[in-house]
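*Asks:* Sequences and hints are given; from them, build the entire structure.
Protein sequences appear in the order of chains H, Z, D and G.
For reference, each letter of the first sequence is one residue, going 11 to 359 in the working numbering.
For reference, each letter of the second sequence is one residue, going 11 to 359 in the working numbering.
For reference, each letter of the third sequence is one residue, going 11 to 359 in the working numbering.
For reference, each letter of the fourth sequence is one residue, going 11 to 359 in the working numbering.
No lab work stands behind these hints: they were computed from the structure.
Yeah, the Cβ is synthetic: ideal placement off N, Cα and C, and Gly gets one too.
Be careful, since some hints might not be right.
EDC-like cross-link-like pairs, simulated, lysine to aspartate or glutamate; straight-line CA separation at most 16 Å [as the list claims (entries may be wrong)]:
id : chain 1 : residue 1 : chain 2 : residue 2
1  : D       : Lys131    : D       : Glu165
2  : D       : Lys161    : D       : Asp106
3  : D       : Lys208    : G       : Glu45
4  : D       : Lys73     : G       : Glu257
5  : D       : Lys328    : H       : Glu353
6  : Z       : Lys208    : H       : Glu182
7  : G       : Lys354    : Z       : Glu169
8  : Z       : Lys354    : G       : Glu45
9  : Z       : Lys82     : Z       : Asp56
10 : H       : Lys89     : G       : Glu291
11 : H       : Lys350    : D       : Glu125
A few chain D residues that don't get close to chain G, going by computed Cβ distances all over 10 Å [claimed, not checked]:
id : residue
12 : Trp86
13 : Met188
14 : Lys208
15 : Ser348
There are 4 protein chains.
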Amino acid sequence: MIAVLKNNATEEDKQKVIDLIEELNFEAHPNTGVEKTIVGVIGSPDNRTFLKEKLMTMNCVEKVVVISDPYKLTSWNFKQHKTVIDLGDGVKIGGDELTVMAGPCSVESREQILETARIVKAGGAQLLRGGAFKPRTSPYSFQGLGEEGLKYMAEAREETGLKIITELMDIEHIDVIMEYTDVIQIGARNMQNYSLLKAIGKLDKPVMLKRGMSATIKEWLLAAEYVMNEGNHDVILCERGVRTFGEETRNTMDLSSIPLVQQLSHLPLIADPSHGTGRWELVTPVARAAVAVGADGIMVEVHPDPQNALSDGPQSLKPANYNLMMDELRAIHKTLGSFKAREKKIAFA
Amino acid sequence: MIAVLKNNATEEDKQKVIDLIEELNFEAHPNTGVEKTIVGVIGSPDNRTFLKEKLMTMNCVEKVVVISDPYKLTSWNFKQHKTVIDLGDGVKIGGDELTVMAGPCSVESREQILETARIVKAGGAQLLRGGAFKPRTSPYSFQGLGEEGLKYMAEAREETGLKIITELMDIEHIDVIMEYTDVIQIGARNMQNYSLLKAIGKLDKPVMLKRGMSATIKEWLLAAEYVMNEGNHDVILCERGVRTFGEETRNTMDLSSIPLVQQLSHLPLIADPSHGTGRWELVTPVARAAVAVGADGIMVEVHPDPQNALSDGPQSLKPANYNLMMDELRAIHKTLGSFKAREKKIAFA
Amino acid sequence: MIAVLKNNATEEDKQKVIDLIEELNFEAHPNTGVEKTIVGVIGSPDNRTFLKEKLMTMNCVEKVVVISDPYKLTSWNFKQHKTVIDLGDGVKIGGDELTVMAGPCSVESREQILETARIVKAGGAQLLRGGAFKPRTSPYSFQGLGEEGLKYMAEAREETGLKIITELMDIEHIDVIMEYTDVIQIGARNMQNYSLLKAIGKLDKPVMLKRGMSATIKEWLLAAEYVMNEGNHDVILCERGVRTFGEETRNTMDLSSIPLVQQLSHLPLIADPSHGTGRWELVTPVARAAVAVGADGIMVEVHPDPQNALSDGPQSLKPANYNLMMDELRAIHKTLGSFKAREKKIAFA
Amino acid sequence: MIAVLKNNATEEDKQKVIDLIEELNFEAHPNTGVEKTIVGVIGSPDNRTFLKEKLMTMNCVEKVVVISDPYKLTSWNFKQHKTVIDLGDGVKIGGDELTVMAGPCSVESREQILETARIVKAGGAQLLRGGAFKPRTSPYSFQGLGEEGLKYMAEAREETGLKIITELMDIEHIDVIMEYTDVIQIGARNMQNYSLLKAIGKLDKPVMLKRGMSATIKEWLLAAEYVMNEGNHDVILCERGVRTFGEETRNTMDLSSIPLVQQLSHLPLIADPSHGTGRWELVTPVARAAVAVGADGIMVEVHPDPQNALSDGPQSLKPANYNLMMDELRAIHKTLGSFKAREKKIAFA
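*Replies:* Now the structure itself:
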């Protein structure tokens, strides 16, 4: 951490800053440049935020620059190798294979989810997605089938062998969700619902944490840190677009976040082009881009009959488009695989 | 609602759109312009979102434009007069008087909250703010004193007569919060935590709903709608800044949202310049601006000794600055009051 | 265009709206729904903006919704087939082949540009990029070599056969730029410099128009419209990232803009991952994603020795990384090519 | 400047960083903390950007943190007192009096500008605004009357004594604009048109520089620096709203930028609530807020008959609203004036 003093700071001011730093058991390293005086701080991370806020209240301090990353367990440095999450039956997230989670936005009926499960399984997906409890912007929209929906998903798993991922919105639903799902999804709107994050941190079940609508990379990793800090280290991150001034798509897909987070963290990364664009015509090209940029997998909305979907129809793929997309993704993934060895060689050159 | 057809849409396409609209018991009004064909939709609001999503999945539909507002109970048209929330003992929010909610970010100790309560009461505030359960970006930051903090706040209320506002983060804490607080605060990060919104909608206690970090006006009003739809109509809105590309302040205070929402809704509006700027030097000027723009009140962080605050010290006012701010706000509020009659006359001219 | 009336609008108000519309020689189609009254407008596009602004000034009008697109010449509907720009010697932009424009940010010396030209030519690029007149955020940064730089670029063209693209910042430099370049580049900061756009619209030379830092898709296409409206139809669009709240990358690359604009316009689209990310480690993955999403080409910064670059070193690729990227891009482009026929079949299904 | 090394950086890496710093004649101050190694840099500002970019290209460098401000002449520290620009005849910008620049978006006719000038003069404005050369998003919109418009403005100045401010879009128009105007306005879209900025930096005429649509505070001050660096120190800054995700207003007025820039710079600050909101109903409240936040003045669009304006009618005030606004602004300005002495006392406490 570095405290930058105001241009008119006196020697006495500088001493006060040093005293405060030392009082909290940090080392102070003052340094006077041509224009500015700074005081470097060295010490244990534990009290860092506290010291930072204290320094920022001082009249003579212009700003405080934090050097260290605020996250620890999510950091690449913590583990130094990629996390691979094993769901059993050969389904692994974060490994060499591309993971595809496909299915409808909401479970609408037994028939709908069974039919979709067969389609997405045939196309090559490993997980079935589907919402039973739905966060909707308006209280007047369809809110999901609840446990009934989860039962239908379990039946689909039974028949197809697909694993299940579904959203948890609420601590009260933990028991029922835990009974049915293979991966718990935390939606973008709950990315900073810290009570919920702490609760799932105590569970023994993989969690996929969607990036909040306007979350920075730091905030996203700190949200994962909340989960991991309680003991649950099986966290998957999911980029689903961020909010910008753009008015033509539902969100702006931030694909460069994927290689960026891969440099910072060991956690696997999934991309959701359905929410990232909100328009089915853009889903396939953006899914291709996500694989090309290096995502570990894709979450995508598929519906046997999008026009009659109860939610998110406009961003759902029809079966024929889904199958084409899957073939394209596999082809790109294979193409890139052939460059891995050369990429590593250059990185270490 | 209006469905805009693609330029290459055929007569047959148009007929399919009309059929779908009529099947769902809406009236269809097709209209062919120089460049585009549109189909207007008239009917009850109930199935509107559903119809909209169906139309958007049709290949021949370019876009769907929604004309009606998605919110109802929060709308100005629902009530046609301003909501005034009476907390008792002469404290009203949304009326002629300016409401000031002041206090520390977090309750840190009995002494701290009592001292702050005396200061803010003497300066003219009507409510004491203070967090007992704190949402912090990092799991390693101070998380609040919990019920102990609420007890200290109640003691401060006893002594000073100030009303209390404190944040509810979690359904599990409803009982304990209800026992102590006069107004429940829902934080920006929970603005779309729909389970929580539904739960407080069933309570008999005023709620202040902070605007989410990147919430549009519509989403904010729909979040209020979630609360009101469950029966609790005592909702106060709080503008606390939004996230933009700006890097110099914690958030970008969107002050024009205040007169804008006043046109759309009957709910009272509070501004929070402390979170809106994140820098104490900017709090007073932005608080003045909020009063001048027409806010019903201000929520502001005050600390007897910001340098030793456990959270948000950098954006907390010292007592002397707080007192100056209060005098300025009162003077501006009074100045503007003298123009009210003339404003009304012009508005109806 | 549709005028939406306020809920309290009277019959008399509605008549005034109709009168205004008819006065300007448009047809008015009033329609009263359950909640709102709207008045549809049909007529020639010429006076549309004028009518829209007039309607918006009326007290009884809540909002005006524009249905038609504001651009014409850039629209897909204007031409109904993709624009291919032929630079001669077999170099075409917008056709079946992937176009790569590579080179340093700035021309720094004869040696530097010749060396870079040889590298990018060997790797497979068709155009050499390089700035001679540089727009720099600070007046204290290196501003470019001017005409001397252009001469070195021409020499590099002579030797390698690469075509040249360089930025025009200023009407005053048109003659000198025209003498040397094959494609004129208009930078993001000048996307709405309308004097400059009109001037290049009169030239007989292809233009690449970079998207402004916070330009919507509409504004970008309207900027192209300024050029085309003066007669120059050889316009290439270049996505180079937009400004968002993200703090970790120079810009946020908006890759979904590429398939989106391809639906709206016939113009070719290039992606610039160097400016889009600002970090060389992200350039290759984002370039791959751009090809996978369907871009017609890539503009990329390459420097024989980035550490000694006079500008943009941090986002420049070293030769070895450039070569790897080129091989990857070609492989992805070829992989996707094999799906073209099937994509078309599904689109028309 | 501080170079932060990657966690896996070796002693040899650190030495390379030090060598590079010293090679460019800076001092290097390495410092190894608990988690990170940093190298502080001290030296003359001249080569700073160059060194920064070199450091960022090094594999072992995680990031470079710049401590000093990149602007010099615009900085408060350069002058240590507020700039007051004297236009003659008692009109001063940046002094104790509130400056009001009012008038139509575009000069449309002799009658329109003369009538508006009389209205705004009677209401208390000191400058008449009006565009003769107009930057319009669409090439099909009204582009201004050109020199004819300037002549009408000069006639209005003759009659009313108002000073004139009008926009310069283009180096080619410098002579004609210089002949008529008292203050040159540079629009938001040209804030980073560096050729134009350099050209007006050589003129002997005050310049008002509008903030770009997505310009950071730093970029805005650096744009002013371009002008001042050429010799013209009479620069006024104008906040006119920034682009955000907000969809209800034309821009999002960033009022906290005003006290923020006042801390960083000595230049006067004007607020433009007309462009900042795009809706006349919001103009008056936001203008009041701008005065309350501490702006030195207001630029506002007024039209005798907004419904018949050729541009920006929807955001133009009618005369009656303008007069009410002026009375309110004067009252707030006077109210705040009475606190100045107390504010200063507290600031120096």
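*Asks:* Sort out whether Glu45(G) lies within 16 Å of Lys208(D), counting only the CA atoms.
*Replies:* With a Cα-Cα distance of about 55 Å, the restraint between Lys208(D) and Glu45(G) is violated, given a limit of 16 Å.
*Asks:* Please check whether the beta-carbon of Met188(D) is more than 10 Å away from every beta-carbon in chain G.
*Replies:* It holds; Met188(D) is separated from chain G by about 17 Å at its closest Cβ, greater than 10 Å.
*Asks:* Run the C-beta distances from Lys208(D) to all of chain G and say if the shortest one exceeds 10 Å.
*Replies:* Per Cβ check, Lys208(D) is inside 10 Å of chain G; nearest 8 Å; violated.
*Asks:* For Lys131(D) and Glu165(D), compute the direct alpha-carbon distance and say whether it is at most 16 Å.
*Replies:* holds, 14 Å
*Asks:* Please verify whether Lys354(Z) and Glu45(G) have alpha carbons no more than 16 Å apart.
*Replies:* Roughly 63 Å separates the two Cα atoms, so the pair is violated.
*Asks:* Non-interface claim for Ser348(D): all C-beta distances to chain G beyond 10 Å?
*Replies:* holds, 37 Å
*Asks:* Are Lys89(H) and Glu291(G) close enough, with their CA atoms no more than 16 Å apart?
*Replies:* violated, 57 Å
*Asks:* Checking one constraint from the list: CA of Lys161(D) to CA of Asp106(D), max 16 Å. Satisfied?
*Replies:* violated, 31 Å
*Asks:* Take the C-alpha atoms of Lys73(D) and Glu257(G), compute the straight-line distance between them, and say whether it is at most 16 Å.
*Replies:* holds, 12 Å
*Asks:* Just to be careful, I want the Cα atoms of Lys82(Z) and Asp56(Z) compared with a cutoff of 16 Å; is the pair within it?
*Replies:* Distance ~11 Å between Lys82(Z) and Asp56(Z) Cα, so the pair holds.
*Asks:* Do the alpha carbons of Lys328(D) and Glu353(H) lie within 16 Å of each other, as the hint requires?
*Replies:* It holds: about 14 Å lies between the C-alpha atoms, which stays within 16 Å.
*Asks:* Holds or violated: Lys354(G) with Glu169(Z), Cα cutoff 16 Å?
*Replies:* violated, 34 Å
Violated hints, listed in ascending order, are 2, 3, 7, 8, 10, 11 and 14; each of the other numbered hints is respected by the structure.
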